[in-house]
Amino acid sequence: MTDIELHWDDAFAANRKSTPDHVRGRLSPENAVLPGFPSQPQASRTASMSVRKATRARDVRADPAPMRWAIIGIAVTFLVLFIVVPLLNVFAQALARGFGAYFAAIVQPDAIAAIELTLLAAAISVGLNLVFGVIAAWTITKYEFWGKSVLITVIDLPFSVSPVIAGLVFVLLFGAQGYLGPWLQEHDIKVIFALPGIVLATVFVTFPFVARELIPLMREQGTRDEEAALTLGASGLRTFFRVTLPNVKWALLYGVLLCNARAMGEFGAVSVVSGHVRGETNTMPLHIEVLYNEYQFTAAFAVASLLALLALVTLIAKVVLEGRATNAANSE
Amino acid sequence: MRIALHDVTRRFGAFTALDRVNLEVESGELIALLGPSGSGKTTLLRIIAGLDWPDEGEVHFDGEDALSRSVGERNVGFVFQSYALFRHMTVFENVAFGLRARPRRSRPGEAEIRARVERLLELVQLGPFGKRYPAQLSGGQRQRIALARALAIEPRILLLDEPFGALDAKVRKELRRWLRQLAAAA
Chain A
1 MTDIELHWDD AFAANRKSTP DHVRGRLSPE NAVLPGFPSQ PQASRTASMS VRKATRARDV
61 RADPAPMRWA IIGIAVTFLV LFIVVPLLNV FAQALARGFG AYFAAIVQPD AIAAIELTLL
121 AAAISVGLNL VFGVIAAWTI TKYEFWGKSV LITVIDLPFS VSPVIAGLVF VLLFGAQGYL
181 GPWLQEHDIK VIFALPGIVL ATVFVTFPFV ARELIPLMRE QGTRDEEAAL TLGASGLRTF
241 FRVTLPNVKW ALLYGVLLCN ARAMGEFGAV SVVSGHVRGE TNTMPLHIEV LYNEYQFTAA
301 FAVASLLALL ALVTLIAKVV LEGRATNAAN SE
Chain B
1 MRIALHDVTR RFGAFTALDR VNLEVESGEL IALLGPSGSG KTTLLRIIAG LDWPDEGEVH
61 FDGEDALSRS VGERNVGFVF QSYALFRHMT VFENVAFGLR ARPRRSRPGE AEIRARVERL
121 LELVQLGPFG KRYPAQLSGG QRQRIALARA LAIEPRILLL DEPFGALDAK VRKELRRWLR
181 QLAAAA
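Heads up: the protein sequence lines correspond to chains A and B, in order. Residue 188 in the working numbering sits at position 188 of the first sequence; the count goes up by one each step and never skips. Residue 136 in the working numbering sits at position 136 of the second sequence; the count goes up by one each step and never skips.
There may be inaccurate statements among the hints.
Said to hold, decoys possible - In the DSSO-like style, the derived pairs of lysine-lysine whose C-alpha atoms are separated by at most 30 angstroms in a straight line are:
no. : chain 1 : residue 1 : chain 2 : residue 2
1   : B       : Lys173    : A       : Lys249
2   : A       : Lys249    : A       : Lys190
3   : B       : Lys131    : B       : Lys170
4   : A       : Lys142    : B       : Lys170
5   : B       : Lys41     : B       : Lys170
6   : A       : Lys190    : A       : Lys318
7   : A       : Lys249    : A       : Lys148
8   : B       : Lys131    : A       : Lys148
9   : B       : Lys41     : B       : Lys131
What the hints contain is simulated information worked out from the structure, not anything from laboratory work.
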């Protein structure tokens, strides 16, 4: 192999020559100005009168200003009224009686138990859905099999089914009067009104997030990279960890974040299976409801603000991730 | 190595991509499949590589049944039409991938891997580009990296799927000549 004559240099020199300098120069971004279309404000300022007048009279490149402002105005007003003000109100109410009352509400034993339970349930659910979601996405995008479209629909089911129904399903299965209830009682295993039930309900409700995030990306990427790895002699596992996973890591993290946000905030399904035992099976959303129903508004809003804060942190992490993912995509 | 295809047929639903194809390639021979797009060239290459399986027919390497062996066991180098370089790995790691993927018994040491990858990068005239990522290379350069990566596993057969499709006429001509020499030297 070593005594082969090489002709790369000639080939690439020839290639370079075939693109004359003036052509390349014209394509460079700073020179990419179409004649008659001032692309920058400076350009239009130095342009002749006639061009300036034409631009001012009717700018065909954008919608009329009143329309633009009306649309932007409606969108911003809506956002402020329905999202920003209520969210700020949560924090305002929480701090209505000062920081002392706020912290007292948060360090209350029941509140701390609720926070711990929420974090624990979310951590387990997100971990499980990370694994399930990756496996589901892999199955759907890399294999061809009968009933695949049915599986894709089933993955979306938790989005369309009311969370209350999701909770009831597990009560029917594992509850005292449920199908598996007697067997579970014999073996002294508690599912409903305990952590396993809460985790099950949360996993059910948040299942689509990771899979949904991965499927379009993995489908777009196809199986070329995996096939290349296989022809190079890599095993299936090695291919997965060295090729597939790195290719989807940003989408995966993004899906995990969304999954986590929903897992911490889930109310309906968890409410059905938890049993509302104070300090034991109340998650943060349930604890907030209990406090609110008991007219302990400051305490309710204090815990709510904490939950909102967790959501905001998730949101910020999401924005950061999106920026990174876009950068990664652009550099490709 | 001698490749023999006997009555290979491959159907995709109602469409027959390959209809009883017979082909024999002698050791050291350089063969090009010509035909319009959709005529089954890629399918044939994928079957030889072990990425796809015929509905009927036989594939033999040196008289041995190749269909009973997985893609990893066939030791076939495959250069994909779109190159399929691993975008999250440097050029160096792309070329080293096949060596690192070997089972521990036959895996060369780190120094040996380094030496071999560098030799391959020199061979495709991209010695100084090891630390770059595929996205930072031109089409012709990516093509050569894909070639180096396929050669790293010392394949018994080298399959190239539309290797010159994305390259301009002059580069294509040089690359063709170079490949012919590579085949002659192998």
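Hint by hint, here is what the structure shows:
Proximity of B:Lys173 to A:Lys249 is assessed by CA-CA distance (about 39 angstroms); at most 30 angstroms being required, the pair is judged violated. With a C-alpha separation of about 36 angstroms, the suggested pair A:Lys249 and A:Lys190 falls outside the 30 angstroms cut-off, and the hint is violated. Simply put, B:Lys131 and B:Lys170 have alpha-carbon atoms about 27 angstroms apart, close enough for the 30 angstroms limit, and the pair holds. Our distance criterion of 30 angstroms between C-alpha atoms is broken by A:Lys142 and B:Lys170, whose separation comes to about 38 angstroms.
Our distance criterion of 30 angstroms between C-alpha atoms is met by B:Lys41 and B:Lys170, whose separation comes to about 24 angstroms. Among the hinted pairs, A:Lys190 with A:Lys318 is inconsistent with the structure: their alpha-carbon atoms are about 36 angstroms apart, more than 30 angstroms. This hinted pair checks out: A:Lys249 and A:Lys148 have alpha carbons roughly 24 angstroms apart, not beyond 30 angstroms. A C-alpha spacing of about 41 angstroms is found between B:Lys131 and A:Lys148, which places the hinted pair above 30 angstroms, so the restraint is violated.
With a CA separation close to 34 angstroms, the supplied pair B:Lys41 and B:Lys131 exceeds the 30 angstroms bound.
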